[in-house]
Amino acid sequence: MFRLRRSGTKPTFDSLIFKPLPIDQRQEVMSDSPSIAAQRNFQNAFVRIAVDRSLREAFLADPEDSLAPFELPERALRALADIPHDAFSRYAESLLTKRAREFRSAIPLSLSVAPSLVDRYRRWLAEHPAPKQMDVLPPGLREALRAAGPLARELREDPGEAAYAADVMALEVISAASRIDREQRILKARFRADLLLRSIRRGRLPVDPAPYECEFRVLGQTVDVRPTPSFEHEVEP
Amino acid sequence: MIPNASSRAFVGAGIGYRRLYRRDLLSAQPDARPAVLEVVPGHFFSDPERLAELAELYPLVFHEVACSVGTAEGSMTSAIDRQVLGRVRSLMEHARPLFFTEHLALTTSPQGLDLGHLAPLWYTRDLLRQVSSRVRRWQDELGVDVALETITAPFTIPEADFSETEFFHRLVEATGCGLLLDVTNQVINAHNLGFDPLERLAAYPLHAVWQVHLAGGQTTGEHWVDSHDAPVPDAAFELLAALRGKSPLRTVIVERDGNFPPLAELLSEVERAHAVWNESSSDDA
Numbered sequence: 001m002f003r004l005r006r007s008g009t010k011p012t013f014d015s016l017i018f019k020p021l022p023i024d025q026r027q028e029v030m031s032d033s034p035s036i037a038a039q040r041n042f043q044n045a046f047v048r049i050a051v052d053r054s055l056r057e058a059f060l061a062d063p064e065d066s067l068a069p070f071e072l073p074e075r076a077l078r079a080l081a082d083i084p085h086d087a088f089s090r091y092a093e094s095l096l097t098k099r100a101r102e103f104r105s106a107i108p109l110s111l112s113v114a115p116s117l118v119d120r121y122r123r124w125l126a127e128h129p130a131p132k133q134m135d136v137l138p139p140g141l142r143e144a145l146r147a148a149g150p151l152a153r154e155l156r157e158d159p160g161e162a163a164y165a166a167d168v169m170a171l172e173v174i175s176a177a178s179r180i181d182r183e184q185r186i187l188k189a190r191f192r193a194d195l196l197l198r199s200i201r202r203g204r205l206p207v208d209p210a211p212y213e214c215e216f217r218v219l220g221q222t223v224d225v226r227p228t229p230s231f232e233h234e235v236e237p
Numbered sequence: 001m002i003p004n005a006s007s008r009a010f011v012g013a014g015i016g017y018r019r020l021y022r023r024d025l026l027s028a029q030p031d032a033r034p035a036v037l038e039v040v041p042g043h044f045f046s047d048p049e050r051l052a053e054l055a056e057l058y059p060l061v062f063h064e065v066a067c068s069v070g071t072a073e074g075s076m077t078s079a080i081d082r083q084v085l086g087r088v089r090s091l092m093e094h095a096r097p098l099f100f101t102e103h104l105a106l107t108t109s110p111q112g113l114d115l116g117h118l119a120p121l122w123y124t125r126d127l128l129r130q131v132s133s134r135v136r137r138w139q140d141e142l143g144v145d146v147a148l149e150t151i152t153a154p155f156t157i158p159e160a161d162f163s164e165t166e167f168f169h170r171l172v173e174a175t176g177c178g179l180l181l182d183v184t185n186q187v188i189n190a191h192n193l194g195f196d197p198l199e200r201l202a203a204y205p206l207h208a209v210w211q212v213h214l215a216g217g218q219t220t221g222e223h224w225v226d227s228h229d230a231p232v233p234d235a236a237f238e239l240l241a242a243l244r245g246k247s248p249l250r251t252v253i254v255e256r257d258g259n260f261p262p263l264a265e266l267l268s269e270v271e272r273a274h275a276v277w278n279e280s281s282s283d284d285a
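If you read the sequences in order, they're chains A and B. Numbering-wise (the numbering used here), the first sequence opens with residue 1 and increments by one. Numbering-wise (the numbering used here), the second sequence opens with residue 1 and increments by one.
Derived from the structure by calculation, the hints contain no laboratory data. What you are looking at is a predicted structure, and each value in this text was computed from that prediction instead of being measured. Don't take each hint at face value.
[To be verified] Selected chain A positions facing chain B (Cβ under 8 Å, derived; list incomplete):
#1 LEU16
#2 ILE36
#3 GLN39
#4 ARG40
#5 PHE42
#6 GLN43
#7 ASN44
#8 VAL51
#9 ARG78
#10 ILE83
#11 ALA87
#12 TYR91
#13 LEU95
#14 LYS98
#15 PRO129
#16 VAL136
[To be verified] Cut-off 25 Å, straight-line C-alpha distance, at most; resulting in silico cross-link-like pairs (SDA-like, lysine to any residue):
#17 B:LYS246 x B:LEU198
#18 B:LYS246 x A:ILE17
#19 A:LYS132 x B:ARG136
For glycine and all other residues, C-beta sits at the position ideal for the given N, C-alpha and C.
Build the full structure now, drawing on both the sequences and the hints.
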């Protein structure tokens with residue numbers, strides 16, 4: 001439990017309360033303020049450094065050179081370059097960790113089949129920063145939906161993963177999303193992922209289930225499945 | 001009768017609503033309920049009826065996390081404002097909040113990249129104009145009071161025109177908005193950035209603090225984390241008490257986002273917050 005550390009020799013709280021400067025004095029202080037264009041470029045650079053690992057590494061090695069594309073005025077460049085690098089790195093890492101935690105919460109069943117998904121997502125996210133999206137999905141599920149296609153391809157190409165892992169993950173994600181936003185989503189799968197998910201939910205991991213090429217149509221609470229003769233594995237958002 | 005947006009009095013202490021407490025909150029007897037719930041509007045956009053059920057029993061504060069009030073103006077920010085505010089307005093047909101809050105922070109770049117978390121701002125004069133303009137627009141469009149929250153700062157951005165506290169002063173002066181002061185953030189920032197929490201507290205526009213957030217964090221190791229997954233520390237209650245006679249508080253909210261205790265345990269922290277504030281207020285009277 002932490003407490004305030006304060007010695008008896010410090011000034012009283014009342015004596016510290018801030019009294020703003022008169023307005024005319026403030027204007028003097030602010031006479032060389034950066035323009036809003038500088039602020040905009042600053043923010044674009046700041047966010048990109050925070051979410052893009054390769055740019056961040058370049059920035060930490062050589063701020064001026066790495067930030068050239070952002071056309072920052074000197075003051076904005078100094079503002080970015082003078083942020084303590086260790087604190088910036090720690091902050092960027094905390095963003096990845098938060099996203100990974102949210103992602104993990106969106107795929108509880110798939111994780112029991114493919115625990116590698118969280119690490120795979122972290123690696124993918126570091127190279128594919130998230131765009132702002134205005135939907136009604138919680139952040140972890142929104143990200144799981146965005147990553148479902150690429151991660152499903154990775155799982156399918158990895159012989160060390162269960163053959164059905166990609167289908168299970170994709171169906172878990174699109175089902176959860178459609179329950180919330182009631183959008184229809186389609187998944188072409190190679191296994192009866194709905195039955196596999198049911199088994200996993202009951203604590204039984206399927207072992208070598210028989211392939212069953214099919215198409216899932218998910219809308220709200222409803223999951224329709226129909227067999228398909230041949231297809232390419234695909235997640236339609 | 002449940003207080004509404006016209007109420008400026010102290011409503012009491014409550015919790016940040018989390019879905020796992022829903023059943024307990026809806027079935028609680030009146031004397032076992034928190035005085036207020038803070039809800040994230042975005043959690044109810046897909047099912048507003050669920051919010052209406054809460055609003056029948058509790059005064060609500062709307063607390064958004066996705067508006068990125070600090071993003072420099074552009075087509076992206078206009079689109080965010082339009083969509084989020086439109087949805088929040090729609091929700092108000094189901095539940096009218098005491099007031100609306102968001103963080104004084106950046107979460108989205110002008111080009112539309114999403115941090116997924118809060119970032120501190122580069123406090124420049126032109127940004128102050130833009131944030132002021134946006135807050136006034138929210139006040140007009142939502143028709144309720146707006147307050148902005150202090151954040152846990154991983155660092156301070158240099159070469160600014162203002163400190164965070166002075167930016168808040170200017171913003172309050174320009175818009176009449178309120179301040180949502182997260183006192184746990186102050187304790188954590190003080191440790192991580194090396195300042196005196198009471199000195200920093202005194203630098204905010206205390207006359208505009210309408211709400212206080214209390215939470216617990218991870219306080220082992222060199223760098224403390226505002227993780228909202230532990231009991232509220234004594235230091236945060238001390239900062240709450242320090243606001244006695246200085247701030248027109250309307251609510252105090254205990255936040256919890258992990259290691260969820262039973263509701264009764266969380267409500268004991270709410271009761272303590274209520275007692276601290278009432279004791280403070282009566283001491284001061």
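Evaluation of the provided hints:
no.: 1; hint: LEU16; verdict: holds, 4 Å
no.: 2; hint: ILE36; verdict: holds, 4 Å
no.: 3; hint: GLN39; verdict: holds, 5 Å
no.: 4; hint: ARG40; verdict: holds, 4 Å
no.: 5; hint: PHE42; verdict: holds, 6 Å
no.: 6; hint: GLN43; verdict: holds, 5 Å
no.: 7; hint: ASN44; verdict: holds, 5 Å
no.: 8; hint: VAL51; verdict: holds, 6 Å
no.: 9; hint: ARG78; verdict: holds, 5 Å
no.: 10; hint: ILE83; verdict: holds, 5 Å
no.: 11; hint: ALA87; verdict: holds, 4 Å
no.: 12; hint: TYR91; verdict: holds, 4 Å
no.: 13; hint: LEU95; verdict: holds, 5 Å
no.: 14; hint: LYS98; verdict: holds, 6 Å
no.: 15; hint: PRO129; verdict: holds, 5 Å
no.: 16; hint: VAL136; verdict: holds, 4 Å
no.: 17; hint: B:LYS246 x B:LEU198; verdict: holds, 13 Å
no.: 18; hint: B:LYS246 x A:ILE17; verdict: holds, 10 Å
no.: 19; hint: A:LYS132 x B:ARG136; verdict: holds, 23 Å
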